[in-house]
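Novice: For the protein sequence lines, the chains are A and B, in the order given. Mapped onto the numbering used here, the consecutive letters of the first sequence carry residue numbers 1 to 115. Mapped onto the numbering used here, the consecutive letters of the second sequence carry residue numbers 1001 to 1113.
You may find that some hints are simply not true.
Think about it this way: if two alpha-carbon atoms lie no more than 25 Å apart in a straight line, the pair counts; the simulated SDA-like pairs of lysine to any residue are [as the list claims (entries may be wrong)]:
#1 A:LYS41 / B:PRO1010
#2 A:LYS40 / B:THR1026
#3 A:LYS22 / A:ASP70
#4 A:LYS22 / B:VAL1037
#5 A:LYS41 / B:THR1024
#6 A:LYS36 / B:SER1003
#7 A:LYS41 / B:GLU1069
#8 B:LYS1068 / A:VAL103
#9 A:LYS22 / B:LYS1100
#10 A:LYS36 / B:LEU1048
#11 A:LYS40 / B:GLU1042
#12 A:LYS19 / A:HIS77
#13 A:LYS40 / B:LYS1100
#14 A:LYS41 / A:ASP70
#15 A:LYS52 / A:HIS77
#16 A:LYS67 / A:ASN79
#17 A:LYS9 / B:SER1003
#18 A:LYS36 / B:VAL1011
#19 A:LYS41 / B:ALA1053
#20 A:LYS41 / B:SER1083
#21 A:LYS40 / B:THR1110
#22 B:LYS1100 / A:ASP85
#23 A:LYS44 / B:PRO1010
#24 A:LYS36 / B:PRO1010
#25 A:LYS41 / B:HIS1074
#26 A:LYS40 / B:THR1102
#27 B:LYS1100 / A:HIS73
#28 A:LYS19 / B:GLU1042
#29 A:LYS71 / B:SER1094
#30 A:LYS40 / B:ASP1105
#31 B:LYS1060 / B:ASP1002
#32 B:LYS1077 / A:LYS52
#33 A:LYS36 / B:THR1110
#34 A:LYS36 / B:GLU1016
#35 A:LYS52 / A:GLN14
#36 B:LYS1100 / A:ARG111
Estimated spans, in silico, between C-beta atoms of each pair [stated by the list, open to error]:
#37 A:GLU53 / B:THR1070: 33 to 39 Å
#38 B:PHE1018 / A:LYS67: 43 to 49 Å
#39 B:ASN1022 / A:ASN51: 36 to 42 Å
Keep in mind that the hints were calculated from the coordinates and are not lab data. All residues carry an ideal CB built from backbone N, CA and C; glycine is no exception.
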Amino acid sequence: DTAVSQTPKYLVTQMGNDKSIKCEQNLGHDTMYWYKQDSKKFLKIMFSYNNKELIINETVPNRFSPKSPDKAHLNLHINSLELGDSAVYFCASSAGRLSGANVLTFGAGSRLTVL
Amino acid sequence: GDSVTQMEGPVTLSEEAFLTINCTYTATGYPSLFWYVQYPGEGLQLLLKATKADDKGSNKGFEATYRKETTSFHLEKGSVQVSDSAVYFCALSSNTNAGKSTFGDGTTLTVKP
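Looking at chain B on its own, in the form it has when it is part of the complex (with noise of 0.2 Å):
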């Protein structure tokens, strides 16, 4: 079946420091990619998306290039900021599988002034 294994957390980092989080995948057919953020005390929320190989998404300074030869969709940003502190969650949707959406365990990041 189809699953998602991201970077294990928590994450520290300074403000301005650069970010990556890991994710890899596995999948029948040509999954579609995500990257959702959950906010504190809120729900998740698309950050970004890609839908066939070599794609990238990118939203709010964030990137993620979806890599089929790796099968892989690492999230990154330059410069995190303060505001920036979530729970991050790699994610992929297959049509061959009712369109149920696949979900990683999520990474929490905290990011320190």
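Looking at chain A on its own, in the form it has when it is part of the complex (with noise of 0.2 Å):
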């Protein structure tokens, strides 16, 4: 069993169109977070939620919205999409966010292409 699996894995769309990527654990963690992966590799957090509540939230535009209806799932909507939006996107969980030691686990990736 994928302990992060997230869809779908490529996406490839027009400009100004909108998409959802979503995101599932079965780790039991509390904590799944958004990061973006650019084309030379730099990794940007976006977004977290702990137990279905958003606690961080970076400097995102608001065509990005995260959603999370249950702690095991995290899902991103992406309005009006843009050429920059070109990218990897990354969902990863986490048990120990407080203690310090808080340790990633990353899905597989979701790659965007905007046309």
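Reconstruct the complex from the two isolated chains, following the hints.
Specialist: What follows is the structure in structure tokens.
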């Protein structure tokens, strides 16, 4: 069983469209994250949810809206896609957010290409 | 705020060469330190970690020691293999920052036979 699974793995779409990426974890973790990795491999946190509550919301355009229906799921919806949104989006989860030793388990990534 | 600075890449080595990837950090409080590895086409996975000063993390022949006096956590391996080719990320997490993890920019390692 995959610990953190995200779908779709690849997404190719036109500018202006709306798309969603889904993420599920079966590790029983309380905290989930979305990261964006650009073409230079730089990794940037976007959002974090703890038990369905938003706890980290970095400077991200309003076009990006996360939703966590329960603590095992964290979805990312993107409106009005732009060329600059092309990247690999990683979902991650962790159990020890406040312990300091916050080990992240990542999904395999969703590669978004905006044409 | 917290920050992680790691050696710029890319790094290219021959098989069986010695590897060092430097990592230094700035953080409030007492962070935990991590190395993550990302193989081509995959997500990041934890390679090793250290939670307090002078701890040594080790895994798959890789080692890193938490040095508080130099705020460093350099990654080393005595003899690299082709299969070690990947992107390596140094990271820290601190319970003073909502548990947010801060990552370095990544170092791409290529090992040639």
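Novice: Give a verdict on every hint.
Specialist: Hints, one by one, checked against the model:
1. Under the criterion of a C-alpha separation no larger than 25 Å, the hint pairing A:LYS41 with B:PRO1010 is consistent with the structure, at around 12 Å.
2. The suggested pairing of A:LYS40 with B:THR1026 holds, with an alpha-carbon distance near 23 Å, which does not exceed 25 Å.
3. Straight-line distance between C-alpha atoms of A:LYS22 and A:ASP70 comes to about 13 Å, which keeps the hinted pair within the 25 Å bound.
4. At roughly 23 Å between alpha-carbon atoms, A:LYS22 and B:VAL1037 fall within 25 Å of each other, so this suggested pair holds.
5. With a CA separation close to 19 Å, the supplied pair A:LYS41 and B:THR1024 stays within the 25 Å bound.
6. Taking the CA atoms of A:LYS36 and B:SER1003, the gap is about 17 Å. The hint holds against a cut of 25 Å.
7. The suggested pairing of A:LYS41 with B:GLU1069 is violated, with an alpha-carbon distance near 29 Å, which exceeds 25 Å.
8. The hinted pair formed by B:LYS1068 and A:VAL103 meets the criterion: a straight-line CA distance of about 20 Å does not exceed 25 Å.
9. For a cut-off of 25 Å, the pair hint linking A:LYS22 to B:LYS1100 stands: about 21 Å separates their Cα positions.
10. Note on A:LYS36 and B:LEU1048: the hinted pairing holds, with a Cα-Cα distance of about 22 Å set against a maximum of 25 Å.
11. Between A:LYS40 and B:GLU1042 the CA atoms are separated by roughly 15 Å; this keeps the pair inside 25 Å, and the hint holds.
12. Between A:LYS19 and A:HIS77 the CA atoms are separated by roughly 6 Å; this keeps the pair inside 25 Å, and the hint holds.
13. Pair hint A:LYS40 plus B:LYS1100 holds up; C-alpha atoms about 22 Å apart against a cutoff of 25 Å.
14. Note on A:LYS41 and A:ASP70: the hinted pairing is violated, with a Cα-Cα distance of about 30 Å set against a maximum of 25 Å.
15. About 16 Å separates the Cα atoms of A:LYS52 and A:HIS77, which keeps this hinted pair within 25 Å; it holds.
16. Pair hint A:LYS67 plus A:ASN79 holds up; C-alpha atoms about 14 Å apart against a cutoff of 25 Å.
17. Note on A:LYS9 and B:SER1003: the hinted pairing is violated, with a Cα-Cα distance of about 30 Å set against a maximum of 25 Å.
18. Restraint check for A:LYS36 and B:VAL1011: the C-alpha separation of about 23 Å stays at or below 25 Å, so the hint holds.
19. At most 25 Å may separate the alpha-carbon atoms for a hinted pair to count; A:LYS41 and B:ALA1053 exceed this at roughly 29 Å.
20. With a C-alpha separation of about 19 Å, the suggested pairing of A:LYS41 with B:SER1083 holds against the 25 Å cut-off.
21. At roughly 15 Å between alpha-carbon atoms, A:LYS40 and B:THR1110 fall within 25 Å of each other, so this suggested pair holds.
22. The straight-line distance between the Cα atoms of B:LYS1100 and A:ASP85 is roughly 23 Å, inside the 25 Å bound, and the hint therefore holds.
23. Of the supplied pair hints, the one linking A:LYS44 and B:PRO1010 holds, its CA atoms being roughly 20 Å apart against a limit of 25 Å.
24. As the CA atoms of A:LYS36 and B:PRO1010 are separated by approximately 21 Å, the hinted pair is consistent with the 25 Å bound.
25. The suggested pairing of A:LYS41 with B:HIS1074 holds, with an alpha-carbon distance near 20 Å, which does not exceed 25 Å.
26. The straight-line distance between the Cα atoms of A:LYS40 and B:THR1102 is roughly 17 Å, inside the 25 Å bound, and the hint therefore holds.
27. With a CA separation close to 19 Å, the supplied pair B:LYS1100 and A:HIS73 stays within the 25 Å bound.
28. Distance check on the hinted pair: A:LYS19 and B:GLU1042 sit about 22 Å apart at the alpha-carbon level, within 25 Å; holds.
29. At most 25 Å may separate the alpha-carbon atoms for a hinted pair to count; A:LYS71 and B:SER1094 meet this at roughly 22 Å.
30. Straight-line distance between C-alpha atoms of A:LYS40 and B:ASP1105 comes to about 9 Å, which keeps the hinted pair within the 25 Å bound.
31. With a C-alpha separation of about 28 Å, the suggested pair B:LYS1060 and B:ASP1002 falls outside the 25 Å cut-off, and the hint is violated.
32. Between the alpha carbons of B:LYS1077 and A:LYS52 the distance comes to roughly 40 Å, so the proposed pair goes past 25 Å and is violated.
33. At most 25 Å may separate the alpha-carbon atoms for a hinted pair to count; A:LYS36 and B:THR1110 meet this at roughly 23 Å.
34. For the hint pairing A:LYS36 with B:GLU1016, the CA-to-CA distance comes to about 34 Å; that exceeds 25 Å, so the pair is violated.
35. Proximity of A:LYS52 to A:GLN14 is assessed by CA-CA distance (about 31 Å); at most 25 Å being required, the pair is judged violated.
36. Simply put, B:LYS1100 and A:ARG111 have alpha-carbon atoms about 23 Å apart, close enough for the 25 Å limit, and the pair holds.
37. A C-beta distance of roughly 38 Å is found between A:GLU53 and B:THR1070, which places it inside the suggested range of 33 to 39 Å.
38. Judged by the Cβ atoms, the range 43 to 49 Å given for B:PHE1018 and A:LYS67 holds: they are separated by roughly 47 Å.
39. Distance hint for B:ASN1022 and A:ASN51: a CB-CB separation of about 37 Å, consistent with the stated range 36 to 42 Å.
Going through the hint list in order, the structure does not satisfy hints 7, 14, 17, 19, 31, 32, 34, 35.
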